[in-house]
Structures are given as C-alpha cells and as structure tokens.
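*Asks:* Spelled out, the chains give:
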Amino acid sequence: MQARILDNGVVRATNSPADVAKAHEAGLVLWVDLETRTPELDRLLAETFKIHSLTIEDIWASRLLPKLDDFDGYLYILVHALDHSSSARDPKPLELDIVLSATFVITHDSSGCVAEQVQANAERLERALAKGTGWLVHAIVDLVVDRYLPLLDEFDDQIEKLEKEVVQKAGTPEGTPVLERIFAIKRSLQALRRFTIHQREILLRLSRREFDEIPVDAAPFFRDVYDHFVRVTDLAESYRELASGALEAYLSVQSNRMNEIMKTLTLVSTVMLPLTFIAGVYGMNFKNMPELEWTYGYPYALALMVVVGTAFAIWFRRKRWL
Amino acid sequence: MQARILDNGVVRATNSPADVAKAHEAGLVLWVDLETRTPELDRLLAETFKIHSLTIEDIWASRLLPKLDDFDGYLYILVHALDHSSSARDPKPLELDIVLSATFVITHDSSGCVAEQVQANAERLERALAKGTGWLVHAIVDLVVDRYLPLLDEFDDQIEKLEKEVVQKAGTPEGTPVLERIFAIKRSLQALRRFTIHQREILLRLSRREFDEIPVDAAPFFRDVYDHFVRVTDLAESYRELASGALEAYLSVQSNRMNEIMKTLTLVSTVMLPLTFIAGVYGMNFKNMPELEWTYGYPYALALMVVVGTAFAIWFRRKRWL
Amino acid sequence: MQARILDNGVVRATNSPADVAKAHEAGLVLWVDLETRTPELDRLLAETFKIHSLTIEDIWASRLLPKLDDFDGYLYILVHALDHSSSARDPKPLELDIVLSATFVITHDSSGCVAEQVQANAERLERALAKGTGWLVHAIVDLVVDRYLPLLDEFDDQIEKLEKEVVQKAGTPEGTPVLERIFAIKRSLQALRRFTIHQREILLRLSRREFDEIPVDAAPFFRDVYDHFVRVTDLAESYRELASGALEAYLSVQSNRMNEIMKTLTLVSTVMLPLTFIAGVYGMNFKNMPELEWTYGYPYALALMVVVGTAFAIWFRRKRWL
Amino acid sequence: MQARILDNGVVRATNSPADVAKAHEAGLVLWVDLETRTPELDRLLAETFKIHSLTIEDIWASRLLPKLDDFDGYLYILVHALDHSSSARDPKPLELDIVLSATFVITHDSSGCVAEQVQANAERLERALAKGTGWLVHAIVDLVVDRYLPLLDEFDDQIEKLEKEVVQKAGTPEGTPVLERIFAIKRSLQALRRFTIHQREILLRLSRREFDEIPVDAAPFFRDVYDHFVRVTDLAESYRELASGALEAYLSVQSNRMNEIMKTLTLVSTVMLPLTFIAGVYGMNFKNMPELEWTYGYPYALALMVVVGTAFAIWFRRKRWL
Amino acid sequence: MQARILDNGVVRATNSPADVAKAHEAGLVLWVDLETRTPELDRLLAETFKIHSLTIEDIWASRLLPKLDDFDGYLYILVHALDHSSSARDPKPLELDIVLSATFVITHDSSGCVAEQVQANAERLERALAKGTGWLVHAIVDLVVDRYLPLLDEFDDQIEKLEKEVVQKAGTPEGTPVLERIFAIKRSLQALRRFTIHQREILLRLSRREFDEIPVDAAPFFRDVYDHFVRVTDLAESYRELASGALEAYLSVQSNRMNEIMKTLTLVSTVMLPLTFIAGVYGMNFKNMPELEWTYGYPYALALMVVVGTAFAIWFRRKRWL
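Residue numbers (the numbering used here), protein chains in the order written: chain A, 223 to 544; chain B, 223 to 544; chain C, 223 to 544; chain D, 223 to 544; chain E, 223 to 544.
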C-alpha cells in the first residue's frame with residue numbers, strides 16, 4: 223500500500239494503514255494505492271472507509287467488463303488500462319479499480335501499472351490531488367486513455383501494410399501469412415472493442431455531471447477525456463471495417479488471380495490435346511493409311527496441326543478469353 | 223413438496239401442505255419447493271397463497287422463454303439454470319419457476335436441480351431465508367448464474383482448439399470434422415443466446431429497485447448477479463463472433479490451400495502436355511520424316527523437350543505462378 | 223351473418239340484422255360474425271353500430287398487415303389466423319377482422335375459419351361472451367394464436383431433417399433438392415415473419431391496459447396470449463437463423479467435398495501424365511534410339527515409370543495432399 | 223398557373239394571379255397549381271401568401287428527399303409521386319410540392335402530373351376542396367400513394383418470374399441475363415426505398431394530429447393513407463429480401479450445377495488417362511517386348527483396359543462420386 | 223490573424239490583436255480568423271474573449287471528429303470542409319474551428335481554406351456579419367456544405383462508370399483494375415461517412431433553436447443547411463450500397479464467366495481424350511491385331527472416332543451443358 227495525504231496543502235507519502243485511518247478521520251484528503259490484499263487492508267476499506275462488501279470483492283477480483291457503481295458516499299469505477307507489452311497482435315487490458323469519494327481516492331491494479339505511472343507523473347498527479355479527488359481521478363483516467371492512442375497507431379500501420387500486401391500477395395505462395403495476419407488483427411480488434419465500448423459509456427456518464435463526487439468545473443475535462451475515448455472507439459470500429467475490407471479484397475484478388483492462372487493453363491491444355499490427337503492418329507499402325515505414303519505427308523500433318531492450333535487461338539481471342 | 227419455515231429465527235423443514243398453510247396464515251416466512259403436481263398443491267397455491275391461475279399454469283408448464291410477471295402481492299420469475307450434463311456441444315437449460323412475495327418463496331423445477339443444490343448449499347440458503355425472502359431468491363439466482371461460467375469456459379477451450387485446428391486442417395482430409403464442430407458450436411451458442419438475452423433483461427429489472435418484494439439493501443447484490451450475467455451474455459456473444467470468424471478462416475484457408483494444390487497440379491499438366499505432344503509427333507508413322515533418319519534425331523528430340531519444358535518453367539516463374 | 227345475443231345471462235343465436243339492431247338498441251351484449259357483404263349489413267354497421275366508414279372498408283377489404291385502430295367507441299383489430307392447409311412449405315395467413323366495444327363484438331373472416339372454430343369451441347366462446355366482450359375477444363385471439371404452434375413444430379421437424387441431410391448430401395447428386403428445400407423454408411419463414419412481427423406489437427398493446435374496451439382483469443390473460451406469441455416470433459426468428467446456418471453448412475460441406483474430389487482426380491491425372499509421356503518417348507520412331515535395342519529396355523522403361531509414379535506419390539504425401 | 227376558388231360553395235377556375243390575390247384577400251378558400259416559374263408568381267407567393275423565401279426556393283428547386291416543414295401559418299410538404307413510365311426496371315419519382323394552410327393549398331410539380339390527375343379526378347378533388355384545404359391535400363396525397371401499388375405488383379411479378387428462372391437457368395448459358403435482371407431489380411428497390419422511407423415518416427406525422435392545418439376528423443383518413451404507404455414500404459423491403467434470396471439461390475444453384483459438370487468431366491478424364499497410358503506402353507518400340515509377340519496380346523491389352531476402367535468406376539461409385 | 227469589425231454598420235478589416243481587443247471591449251460585433259498560433263493570440267483568446275483552456279487546445283489541435291461544445295458564453299463548433307484537391311479516390315477533410323458568441327465569431331483552419339473562401343465571397347460574408355454573428359456562421363457553414371456536392375457528383379459518375387465496366391470486364395484480363403477501383407471507392411466512402419455522420423448531428427443540433435447564440439429567425443436557414451447535409455449523408459450511404467452491389471456483381475459476373483470458360487474447355491478435353499485413346503489403341507505394336515490388316519481399317523478407326531465424338535456431343539447437349 224502506498225498512500226498520499228494532503229495535509230495543509232502539502233502532499234506527504236505514507237505506507238502505514240494506521241496513518242491513513244488517522245488522516246481520514248481527521249477529514250484530510252487522501253489517495254491510497256492498494257497493492258496486494260491483506261486482512262488489514264480489508265479492514266481499513268470496510269471499517270475506516272465504509273466500502274460495501276461487494277465493492278471490496280470487485281476491487282480484488284479480476285473482471286473482464288468495465289463498471290461504474292454509485293454507492294452511498296462513493297463511486298466505484300473499473301476501467302481498463304493497456305499493458306506496456308500490448309501490440310496490435312495482442313492488446314493486453316489491465317484492470318484498474320478506482321474508488322472516488324469527496325475526500326479520498328482508492329486505486330488498485332494488480333500489475334502495478336498505476337504505481338509505475340505515478341512514478342513517471344508524480345508531480346502532475348500530486349498537483350491534481352491538491353485540487354481535489356475528482357481532479358486526481360481525471361488525471362489518472364487521462365493517463366489511461368492516452369495509452370490507447372499508440373496502440374491504435376500500430377493498428378493503423380499494420381492495416382495499411384496489409385492493404386498493400388493483399389494486392390501483391392493474395393493468391394501467391396506468400397499469401398497465407400497475410401491471411402493469417404488479417405485474422406489476427408480482426409480478433410485483436412474484436413477483443414479491444416469488447417471492453418472499450420463499455421468503457422466509453424462509463425466515461426460518458428462521468429462527464430455528465432451526474433455524480434456529486436465530480437466537481438462541476440471538472441466536468442468539461444472529463445468530457446474531453448470522453449471525446450478522446452470516442453475517437454479511440456471510432457478508430458477501432460473503422461479499423462475493424464478496414465480489416466474486413468482487407469479480407470474481402472484478399473479473397474477477391476486471390477479469386478481473380480487464380481481464375482487468370484487456371485484459365486491460361488486450361489487454354490494451353492485445350493490447344494495441346496487436339497494436336498496430340500492428330501499426332502496419335504498418324505501414329506496408328508494400320509497397313510493401309512494413304513497419308514503415311516505421301517511424299518509431303520509429314521509437312522501436311524505439321525501444317526494441319528498449325529491450322530488447328532491457330533483456329534483455337536482465334537476462337538479464344540474472339541470470345542475474349544485471351 | 224419440501225418446505226422450510228422460519229419460526230422464531232429457526233428454520234424447520236416440513237413435507238406437509240397443511241403445516242405450510244398453517245404457517246402462512248400465522249404470518250411466518252417460508253419457502254416451498256414444489257415437486258410433482260397434485261390437486262392438493264394446486265389448492266394450496268390458489269387458496270392459501272392466492273396465486274393467479276395463469277401463474278399456476280406457468281409454474282407447471284414447460285416454457286422456453288424466461289419471464290418476469292408482477293402480480294398483485296407477488297412476483298413470478300422464470301429463469302433457466304443449466305443441467306449438469308450440459309456441454310458446449312449441447313447446453314441443456316432447466317426451467318426454474320420462482321414465486322416471490324414478502325413472506326413466502328415458492329420454487330419449482332421439474333428436474334429436481336434446485337432440490338439437489340439445496341442439499342449442497344443448505345446452510346447458505348437457510349441463512350439467506352432467515353434474512354428475508356428477497357435474500358433467498360438472490361441466493362438461488364446466484365447459484366443458477368454461477369452454473370453458466372464453467373460452460374463458457376468450455377466454449378472458450380473448444381474455440382481456442384478449433385482456431386488452431388482450422389489453420390492446420392482446413393482443406394486437408396481431416397478438415398470435415400473440424401467444420402462440423404464449428405457448426406455445432408455455432409448452433410449451441412445460438413441456443414444459449416436465445417434464453418440468456420431474455421434472462422439478462424429479467425435480472426436487470428430485478429436489480430432496479432422496481433419491485434417491493436426485493437428489499438432495498440438486496441438491490442446491489444441483485445445488481446452483482448446481473449453484472450455476472452452480463453459477462454455471460456457478453457462472452458457468449460463474443461464466442462459467436464469467434465466461431466463465425468473461425469468458419470470464415472476455415473473457408474479462406476481451405477480455399478487458399480486448394481488453390482495452391484490445383485495450381486501446382488495444373489502447372490505439371492501444362493508442362494507435360496506439350497512434351498507428350500512432341501513425343502507423339504515423332505511417333506507418327508510417315509514414310510518420309512527426315513528427323514527420324516538423323517543420327518542424332520533422338521537426342522535432338524529429347525533436347526527439344528528439355529527446351530520447351532524449361533521455357534514453360536521460366537514463363538511460370540516470370541508470372542509469379544511458382 | 224350469424225349473431226349471438228346475451229340476453230339475461232343466456233346466449234341466443236340469430237341471423238336477422240333487425241334482431242341484432244333491436245338488441246343493440248336495448249343495450250344487450252352481442253357478437254356478430256359477418257359473412258358476405260350486403261348493403262343491409264353495411265347499413266347495420268354504419269347506422270346501428272356507428273362504425274366509421276374507414277373501418278367498414280377495412281373490414282371488407284383484404285389487408286396484408288395486421289392493424290390496431292382506436293376509434294371513438296370501439297377498437298378495430300386485424301389479426302391473421304392460419305389456414306388449415308398451411309404447411310412449412312406454404313404458410314397461408316387468413317385475415318380476421320375484429321371490432322370490439324363495451325357492448326358488442328363484430329368479427330369477419332372471408333374464409334369462414336372463425337365460423338368453423340366457433341362450431342368446434344361454441345361452448346367456450348359463449349362462456350367468454352357471458353363474461354364480457356373483452357373476454358370473448360381474448361378467447362378468439364387465443365384460438366388464433368394456438369394455430370401457430372403446430373406450424374412451428376413442422377418447421378422444427380423440417381429443419382432438423384434438413385440439417386442431417388445437409389451433411390450427407392451436400393455436393394452429391396442428391397444435393398439439389400435439399401438446397402431447394404432450404405430456400406423454400408427460408409422464404410416461408412420470411413413471409414411468416416412479415417405479419418407475425420406486426421401482430422406481436424398489436425398483442426402487446428392489447429395486453430397493456432391501454433384501452434378501455436379491455437377489462438382490467440382480462441389484461442393478464444391478453445398478456446399470456448402475447449407471451450405465447452412472443453414465443454412464436456422468437457422461434458420463427460431462430461428457425462430463420464437455423465435455415466441460414468443450414469445453407470451456410472450446405473455450401474461449406476459441398477465445397478469441402480468438391481475440393482476432395484477435384485484434388486483426388488487431379489492427383490490421378492498428374493501422376494498419369496508423366497507416365498504417358500515416358501511411354502510416348504519410347505514410342506517415337508527414331509532410327510537410332512539405343513534404349514530400344516537393349517535386351518532389358520522394356521523392363522527398364524517400366525521401372526522408370528514406377529520410379530516416377532512413386533516419386534510423385536511421395537511428393538504429394540510430403541505436402542499432405544493425400 | 224391554374225387556380226380554383228371556392229366561392230359561396232361553388233368552385234370556379236381561373237388563370238389570373240390577380241384574381242387569386244383578390245380571392246385570398248377576401249378570405250376565400252383556394253387551390254393554386256403553379257406551373258412554370260415567373261416573377262409574377264414569386265411575388266404572389268411572397269407577398270400575397272407570405273411564403274418564406276426558403277420555401278419558395280424549395281418549391282422551384284428539385285429535391286431528392288421528401289420533406290415536411292412547419293412554418294408560421296402553413297405546412298410545406300414535399301412528396302414523391304411516380305411517373306407513368308415507371309417500371310420495376312426504372313422507377314421514376316416525380317417531385318410534388320404542397321403548401322397547405324387553413325385557407326389555401328399551393329401545389330407544384332414540374333412534370334404536370336398533378337394537372338393531369340386533376341383532369342382525371344376533377345370532380346373528386348373539387349368536392350374535397352369544398353370540405354376544406356386539409357381534405358384536398360388528403361385527396362391529392364391519396365392519389366399519389368395509389369400510384370405505387372401497380373409498381374409493386376410489377377415487382378412481385380418480376381421476382382416471381384426470376385425465382386423460377388433462377389432454378390432453371392443458373393449455371394447454364396442463359397444464366398447471365400437472369401443475373402443482370404436480379405441486380406437491376408435490387409438497384410431499383412434500393413432507389414425506391416431511399417425516398418419511400420422518408421415519405422412514410424412524413425405521412426405518419428401528417429396523421430398524428432400534430433398540425434393545426436389538418437382538421438381533426440381528417441386525421442383517420444391521413445392515417446389510412448399512411449397505412450397504405452406502410453404496406454408499400456413493407457412490400458418494398460420484403461421484395462429486397464426476396465431479390466437477395468434470389469441472388470443467393472442463383473449463386474448456389476450455379477455452383478451446384480457447375481460442380482456436377484466439372485465432377486463428371488473430370489471423372490471421364492480420370493478414367494481415360496490410365497487407359498491411354500496402357501495404350502502408350504504397348505505402343506513403345508522396344509525390340510524385346512514379349513507381350514507384343516503373344517497370340518492373344520491384343521485381346522489381353524484390351525481386357526487390361528476394361529479391368530482398369532471398371533476398377534476406377536467401382537472406386538468412384540464406392541466414394542459416392544457418381 | 224485577420225479580423226473584421228462591424229462598426230456603426232460598416233465592416234472594417236484589421237490585423238492587430240490590440241484593435242480587436244479594443245473593439246470587443248467596446249461591445250462591437252467582430253469576426254476573427256486565426257491563422258498560426260502565437261502566444262499573443264492565445265492571450266487574446268483567453269483574456270479578452272474568455273475562451274476556456276480546453277477550447278483553445280481544441281482550436282489549435284487537429285481533431286478527426288466533428289464536435290459541438292456549449293460553454294458559458296459561447297459555442298465551440300468543429301466541422302469539416304473539403305479540400306480543393308479532394309476526389310472520389312481521396313476525399314480530404316479540412317478541419318474548421320468556429321467559436322460563436324452573441325458578439326464575436328472566431329474561426330480557424332490550418333489550411334487557409336476559409337481565408338480563401340472569404341476572398342471569393344467577401345461581400346456575402348460581410349453582409350451576413352452585418353446581420354449578426356449567427357448569420358455569419360450560417361454563411362460559413364453553408365459554404366462548407368456546398369463543397370460536398372461536387373464530390374458526391376464525382377462519386378456518382380465513378381460508380382455509374384464502374385457498374386458498366388463490371389458487366390463488361392469482370393473475369394477478363396482487364397478486370398483487376400476495376401476491382402481495385404471498387405475497393406478504393408468503398409474505402410473513400412467509409413472515410414467520408416466517418417465524419418459526415420457526426421457532422422450531420424451537429425448541424426441538426428444547430429438547427430433546433432437549442433442555443434441562444436443562434437437567432438430564432440436564422441433557425442430555418444440552419445435547418446436548410448441541415449437538409450442539404452442530410453442529402454449528402456444519404457447519398458454517401460446509398461453510394462456505399464451501390465459500391466457493395468458493384469462488388470457483388472463483379473464477383474457474380476466473374477464467377478459466371480469463369481464457369482462458362484472452364485466448362486467449355488473441359489468439354490473440349492473430355493471429347494478429345496477418348497479419341498486420343500482410340501488412336502493410342504491402334505498405335506499399339508502387337509503382332510496380332512486384325513484391324514490393322516483390314517483394307518478399310520483406317521477409315522473404320524476414323525469413323526469410330528467420329529461416332530464417339532458425336533455421342534459425347536449429344537450427351538452434353540442432352541444434359542444442357544452446351
């Protein structure tokens with residue numbers, strides 16, 4: 223557990239639950255970042271902060287869907303951040319629990335992602351805390367949302383690359399990995415959509431001045447975060463459409479190319495077969511085959527073959543098959 | 223019929239309808255689990271508990287769709303549990319009828335699934351009953367919903383396995399069973415969706431403090447059950463999409479593989495046919511074929527074949543068909 | 223025209239419009255089943271019952287869409303029953319017009335289907351009439367809705383049979399009739415959906431205590447009819463999905479099977495062509511072909527063929543084409 | 223310009239804008255059908271009738287989307303009629319502008335279609351005008367909507383014919399025109415839907431007693447027009463589904479037929495190739511080929527061919543390929 | 223920065239922020255078109271015009287989604303114009319920021335597109351400014367929307383051309399570029415839809431008399447702009463459907479054509495193979511082949527070939543394969 227207490231306009235850090243309890247009882251504004259579950263912390267949450275038992279379960283459990291619950295005296299918010307190692311191939315959501323009341327913020331993420339971001343943005347977050355708990359939550363949520371944009375850029379790159387490769391490689395021996403990447407991207411985007419759609423709703427509700435815990439003048443800032451996230455979901459949706467379009471294009475181009483190949487090859491066979499047949503006829507061993515005796519029998523046979531072959535070629539051309 | 227009566231804070235069991243009627247008239251809180259229909263039970267429901275004739279029909283009938291009816295004095299809830307023998311291949315919903323009023327709970331399931339769960343969770347359910355009828359219904363519904371998660375895990379496993387097999391086996395002789403399993407899973411998920419979507423609505427309404435029968439402080443717990451069930455329907459929906467994706471992938475990979483095979487084989491034929499034709503020409507029996515008399519006629523013919531074959535190979539390579 | 227008049231608690235029948243008019247003016251509850259249009263009936267509707275001219279047109283016309291119009295003093299309801307000869311191949315909706323007011327019910331169906339059901343359920347309908355006009359309409363609508371369930375059972379059977387046949391017959395010579403049956407069922411279900419969706423809305427509105435013509439204590443019964451019809455539309459929708467799934471399965475299995483066949487056949491050709499080519503080479507008539515003179519030339523050629531054929535077979539096996 | 227003025231219950235016609243202006247100032251009810259734009263007419267609209275400049279632009283412009291604007295003192299309604307020459311191949315919407323106030327109706331259509339219908343229905347329209355401006359607009363809109371039904375009947379015929387032809391002709395040389403007709407019909411229905419959907423909304427709003435310009439007792443008649451138009455859009459939608467179904471059927475039947483053909487032809491080739499190979503072997507010119515010397519060598523070779531051919535046929539039959 | 227100040231009914235231009243600040247403090251109506259960001263401008267916005275810091279960020283940032291924010295004292299509107307160089311292949315949206323209050327309008331576009339249009343429409347915009355800030359914004363938005371129509375016309379042309387080419391070229395060697403153009407157009411339309419859908423909502427809200435900044439008598443004009451934009455989105459949507467239809471048509475026609483080709487070619491092979499086989503039989507070198515000795519052996523063999531070939535042709539014709 224790491225806690226920051228706002229004491230007379232100064233933020234000081236502590237690791238002691240007892241300190242935290244004392245500060246809370248003294249009415250100080252504070253922020254607690256829980257780490258691993260201990261009975262002592264559970265008591266702190268339940269007895270000092272009066273957190274509902276369902277919320278305590280939700281904090282420690284791992285949930286797949288974002289959530290926003292309005293309890294007496296506090297808001298419970300579950301949003302998903304993105305892990306550092308997320309990629310277009312494998313976006314990894316990290317669960318982040320936030321409990322927001324007028325005088326305290328409690329956060330929890332199992333991976334320590336918040337703790338790490340606090341390190342990196344300590345000053346900014348402490349300034350936010352000094353303005354009030356709603357502003358701190360805004361700062362944290364803003365950090366979370368910003369993490370999505372690099373991932374979307376990666377999707378953008380990957381899809382653009384795919385779209386080029388589709389035209390070049392569909393239906394060639396290098397086509398299969400392209401196809402597999404299209405399916406992988408579609409799956410990733412589906413997973414992304416699953417939690418971002420719920421998360422967007424939660425951000426919308428936070429920006430609507432619906433809850434007392436969020437100060438009125440912070441609302442436009444939550445609205446701004448929401449607008450950013452709308453862009454995230456909008457882009458994710460449009461990448462999904464692009465990925466579907468890429469698949470459709472792959473299949474069409476592949477079919478086009480295969481058709482071209484099969485047609486050409488079949489044309490070759492179709493011309494060759496009658497010629498082979500003529501050769502076969504004059505390879506027959508009948509005693510009495512006048513052509514075989516002709517002085518110019520051989521040139522005649524070759525000429526016949528040329529004529530038949532040419533006739534086929536003209537026919538194909540007429541039908542616009544070549 | 224099995225009944226439990228809360229008498230002075232103690233739960234006692236009984237099998238006698240007369241006992242139940244007496245307890246109800248004495249204003250005691252009680253829970254009746256109906257088993258098979260008897261005229262005596264029908265009278266108990268209609269006369270003692272004042273259950274509407276339509277509800278009595280609904281209790282005994284077997285219905286495919288979940289239902290929530292608000293009658294004077296009680297709520298009728300029809301939810302679906304899952305049978306033990308349910309699997310991703312064949313999810314078997316069990317109908318569970320619940321009648322909830324301020325002083326009694328009546329349950330009925332034709333398969334005895336509740337009776338069995340009561341056995342396993344007797345203590346927990348009796349504790350819930352001691353808190354009130356709304357809490358008992360919460361405990362029962364919670365048990366029902368928990369049953370869905372193992373099934374969804376099974377779907378998860380199956381689909382993950384399928385996704386791997388699709389890439390390996392589509393278009394090979396082992397492909398057909400994979401295809402059949404994809405269709406079987408899609409059908410199961412469709413059946414699952416059909417009743418879970420309605421059931422989710424019912425759980426939502428139960429969590430909304432819309433009904434007097436549900437105590438205000440139980441609402442967050444019903445909300446929690448609802449949240450779990452949202453996860454069930456969300457997962458089911460996303461598995462449906464994954465199964466559709468797997469089918470799409472199957473067809474694409476199969477088409478890719480078949481195209482590769484057909485192309486290769488046709489290339490072989492296309493090279494072979496002209497060579498066979500040359501052999502045919504020099505197999506003709508014309509008297510006067512100068513090449514046949516040449517000392518190096520045979521090597522010349524073989525060389526011609528090599529040249530033609532190589533020319534084709536180069537042409538294919540140029541067109542990127544190989 | 224057939225009319226039943228409730229006179230002092232007794233239902234009596236009459237065919238005389240004058241009788242009906244008199245009874246209506248005396249304030250008696252009555253039910254008129256119109257048959258063919260006559261000027262006399264039109265006058266009865268317009269003058270005695272004060273039916274709006276638009277409603278009179280609607281009653282006699284044949285309409286494709288269910289309808290519910292709330293006029294001053296009466297409700298006009300148009301629902302669709304099913305003809306006896308309906309089948310999964312060809313569901314035949316019958317239009318049934320109902321005019322409901324506090325003191326009279328007027329029904330009309332061109333096919334005489336109601337008249338026939340009255341015959342069969344006379345006692346039940348008269349009992350309903352004795353309770354009030356709203357109860358009579360409930361009884362009639364209930365009869366209509368019950369007719370849908372056997373049709374849906376037929377769909378169920380047909381689709382189950384189809385699903386089995388799809389796996390067995392897709393891509394075989396017996397496949398085409400299966401395909402045609404799938405399309406026929408899809409068309410039937412589309413037609414069914416077209417009017418059942420509107421009809422469901424009408425039943426919902428009737429069950430909502432929205433209209434004075436429907437007594438408050440009849441509302442749960444209309445709700446029950448609505449619930450039955452929800453099941454009808456739900457099943458119809460899910461059969462549509464199953465039929466689409468069957469088509470998808472048909473095309474996939476067919477493609478799978480065709481691919482298997484084409485691949486096998488092409489493999490045979492691919493092995494045969496090089497062997498034929500070798501035979502062609504040693505069938506050439508060059509004077510100077512050393513192999514032809516060898517004592518073991520013939521076995522050597524056969525051995526060469528075996529080697530080439532085996533090489534191809536190994537190559538195919540390696541590529542997992544066999 | 224053609225105008226009709228209701229003067230003391232008598233309708234009289236005039237072509238003079240001055241007459242119209244005078245009648246309007248005298249408070250008479252009148253109907254003006256504009257023809258071509260003139261500055262004089264613009265002045266009449268703007269100054270006498272106080273029509274907003276945006277409405278005047280809308281009247282003379284040609285718009286693709288139906289519209290309903292409620293201005294101070296009048297309603298502006300833009301609906302689409304159908305041209306005489308409309309067909310399932312090419313439905314041609316005609317724009318019809320209507321301005322409705324308590325005392326005047328102004329109509330405009332560039333093609334003169336209304337003028338023509340007035341000719342044909344003059345008496346009926348004048349009777350409507352005598353009842354009030356709302357009734358006249360009802361009569362005009364009713365005429366417009368009635369024009370859609372013959373077009374829908376034509377779609378019905380065409381699609382029914384197509385459905386039969388699909389089964390017969392898909393995959394045969396006569397298939398391509400069928401395919402093109404399916405696409406043409408889909409395009410027509412899409413165009414039809416584009417304006418009918420908006421038009422339906424407008425008719426709904428007109429029937430809702432939302433506007434003072436429409437008398438209360440005319441509302442059921444507008445509702446009736448709306449109901450007719452719902453049928454139009456419903457049918458159009460269901461024809462779209464049928465056309466999509468026909469396309470799907472076409473592609474399936476074609477694929478089925480092609481598969482049958484290709485399979486049969488490939489079977490023939492597969493049987494022929496090994497036989498040709500055997501003939502090739504015994505056509506080789508090795509000195510030392512014992513079979514060639516056998517007395518029954520030739521019958522033996524033929525017998526071998528029969529055996530091989532039969533073996534293949536049995537194999538195909540076993541695999542259910544024949 | 224370019225500003226226009228309305229001073230005693232006369233519009234005068236200025237480039238000096240100090241001037242602008244003075245005029246604003248004097249209560250004059252003015253319009254400021256920002257160009258590049260400078261600290262001085264930021265101060266002007268924040269201190270003189272009291273623009274919220276979030277809005278200032280939004281003005282200078284580049285956003286993908288249209289936006290409408292209602293702040294105390296002003297409206298922030300972000301719409302997208304189209305760049306001159308936009309084409310159906312590549313529609314290029316230009317961001318245009320508008321801040322509208324009762325006494326000032328601030329505009330900003332990074333590309334200088336507005337500045338350019340002001341040049342071209344200076345008089346009209348100044349007349350609008352003279353009527354009020356709401357009218358100026360109407361004039362600007364009207365200019366923006368008008369830019370979309372030529373782009374849509376281009377789409378119309380392109381799709382019409384594509385539809386013709388699809389029928390001619392699908393499945394021929396010139397088919398691939400047609401296919402690529404279809405995909406390019408679908409992508410463009412998707413991009414267009416992404417921002418036009420949000421923009422339409424914004425125009426709707428502007429036309430709804432929802433904001434004090436927009437004068438009541440300007441509302442019908444905003445409504446008119448909205449109506450134009452509805453047509454833009456409606457057309458874009460219908461072009462998307464047409465493009466999808468064109469793709470579907472392409473694939474169908476291609477498949478049709480390929481099937482025709484493959485069938486014809488396979489028929490040729492199927493007739494040729496048995497004939498070649500016959501020739502092969504009589505090319506065998508058995509000592510004892512009676513036919514070879516016949517005087518009419520050769521004509522007999524040719525006749526046999528004709529008979530077999532004709533038999534196949536009849537069989538194909540019977541099966542309607544030719």
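Rather than coming from a laboratory, the hints here were simulated on the basis of the structure.
A portion of the hints provided could be inaccurate.
All copies of an identical chain are treated as equivalent in the list; a pair is satisfied when it fits inside any one copy or across any two copies.
[What the hints assert, rightly or not] DSS-like cross-link-like pairs, simulated, lysine-lysine; straight-line CA separation at most 30 Å:
1. 244 with 386
2. 541 with 383
3. 353 with 509
4. 541 with 408
5. 244 with 272
6. 408 with 353
*Asks:* With reference to the structure, classify each hint as holding or not holding.
*Replies:* Verification of the supplied hints:
In this assembly of identical chains, the alpha carbons of residue 244 and residue 386 never lie at most 30 Å apart, being 62 Å within a copy and 56 Å across copies at closest. For the homomeric pair residue 541 and residue 383, the shortest alpha-carbon distance between copies (23 Å) is at most 30 Å, but the shortest distance inside one copy (38 Å) is not. Taking the shortest alpha-carbon separations for residue 353 and residue 509, neither the intra-copy value of 113 Å nor the inter-copy value of 106 Å comes in at or below 30 Å. When the C-alpha separation of residue 541 and residue 408 is checked against a cutoff of 30 Å, the pair qualifies only between copies, where the shortest distance is 29 Å, while the shortest distance within a copy is 41 Å.
Taking the closest pair of Cα atoms, residue 244 and residue 272 come within 30 Å of each other only inside a single copy of the chain (14 Å); across copies the shortest separation is 42 Å, beyond that limit. When the C-alpha separation of residue 408 and residue 353 is checked against a cutoff of 30 Å, the pair qualifies neither within a copy, at 42 Å, nor between copies, at 49 Å.
Checked against the numbered hints listed earlier, the structure breaks hints 1, 3 and 6; every other hint is satisfied.
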